[in-house]
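Using this note's numbering, the first residue of the sequence shown is number 338, and each one after it goes up by one.
Since the hints were made in silico from the structure, they are not lab data. You may find that some hints are simply not true.
Said to hold, decoys possible - Computed cross-link-like contacts, DSS-like style, restricted to lysine-lysine with a CA-CA straight-line distance of at most 27 Å:
{"#": "1", "residue 1": "K408", "residue 2": "K398"}
{"#": "2", "residue 1": "K416", "residue 2": "K401"}
{"#": "3", "residue 1": "K417", "residue 2": "K439"}
{"#": "4", "residue 1": "K416", "residue 2": "K406"}
As the list claims (entries may be wrong) - Have a look at the derived ranges for each label pair, beta carbon to beta carbon:
{"#": "5", "residue 1": "A443", "residue 2": "Q381", "range": "34 to 44 Å"}
{"#": "6", "residue 1": "P404", "residue 2": "T461", "range": "17 to 27 Å"}
{"#": "7", "residue 1": "K417", "residue 2": "R459", "range": "20 to 30 Å"}
{"#": "8", "residue 1": "T425", "residue 2": "Q381", "range": "33 to 43 Å"}
{"#": "9", "residue 1": "G453", "residue 2": "L405", "range": "42 to 52 Å"}
{"#": "10", "residue 1": "H486", "residue 2": "L441", "range": "33 to 43 Å"}
{"#": "11", "residue 1": "T456", "residue 2": "G415", "range": "19 to 29 Å"}
{"#": "12", "residue 1": "D427", "residue 2": "L405", "range": "41 to 51 Å"}
Fair warning: this is a prediction, and the values are worked out from it, not measured in the lab. Glycine included, C-beta positions come from ideal geometry on N, C-alpha and C.
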Amino acid sequence: MTKWFSAGRLACMALAAFWLTGATAHAAKGGLRLEVQLVLGVNQPEQGHSHLRSVARDIEKKLKHLPLKWKYYYVVSGKKISIGGGRTRDVDLSQNCRVSIKNLGAWQVEVTLTSGGVTVGRITESLHHGHLLVAGAGAENSFVVLWSH
Numbered sequence: 338m339t340k341w342f343s344a345g346r347l348a349c350m351a352l353a354a355f356w357l358t359g360a361t362a363h364a365a366k367g368g369l370r371l372e373v374q375l376v377l378g379v380n381q382p383e384q385g386h387s388h389l390r391s392v393a394r395d396i397e398k399k400l401k402h403l404p405l406k407w408k409y410y411y412v413v414s415g416k417k418i419s420i421g422g423g424r425t426r427d428v429d430l431s432q433n434c435r436v437s438i439k440n441l442g443a444w445q446v447e448v449t450l451t452s453g454g455v456t457v458g459r460i461t462e463s464l465h466h467g468h469l470l471v472a473g474a475g476a477e478n479s480f481v482v483l484w485s486h
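Construct the complete structure from the given sequences, taking the supplied hints into account.
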């Protein structure tokens, strides 16, 4: 179904976080409200994925401005979460995809991506007001999208 990334490509995707504007952020008492999604990219509409919903239009526009090779994007799963300052939340997006998000405070987050029980990437970045994070999720055509509410 999906191909695993080569080590070099995976490292590049995991380390290269793409930040875009357009989302809103909220931080109360050091807490963050976030939405995280596992997204599948394909080149044929509903290429055997008619049971999945398309990503939101504003997210799709941003993804199309990135150097990704897919034309269509579908949400495999997603969750809205809140993380207090200094806390970590583990989010299972699929049987093989887990995202661990740590709120480091001052809009800093550490995101650890796990695929099949193996860590495939770790990113520490600022998730300021209006930014979107896109990172590889372990398979060639799937990735994690994270933004603040």
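Results for each hint:
1. Using a Cα cut-off of 27 Å, the hinted pair K408 and K398 holds, with the two alpha carbons roughly 11 Å apart.
2. For the suggested pair K416 and K401, the alpha carbons sit about 22 Å apart, so the restraint of at most 27 Å is met.
3. Proximity of K417 to K439 is assessed by CA-CA distance (about 15 Å); at most 27 Å being required, the pair is judged to hold.
4. Note on K416 and K406: the hinted pairing holds, with a Cα-Cα distance of about 25 Å set against a maximum of 27 Å.
5. One distance hint, 34 to 44 Å for the beta-carbon pair A443 and Q381, holds here, with the actual separation near 43 Å.
6. The given range of 17 to 27 Å is respected by P404 and T461, whose C-beta atoms sit roughly 22 Å from each other.
7. Checked against the given bound of 20 to 30 Å, the beta carbons of K417 and R459, roughly 23 Å apart, stay inside it.
8. Against the hinted window of 33 to 43 Å, the Cβ-Cβ separation of T425 and Q381 comes to about 38 Å, which satisfies the hint.
9. Look at G453 against L405: about 22 Å separates their beta carbons, and that is not inside 42 to 52 Å.
10. Against the hinted window of 33 to 43 Å, the Cβ-Cβ separation of H486 and L441 comes to about 18 Å, which falls outside the hint.
11. Under the hint 19 to 29 Å, the C-beta atoms of T456 and G415, about 21 Å apart, fit the expected range.
12. Take D427 and L405: their Cβ atoms lie about 26 Å apart, and the range 41 to 51 Å is violated.
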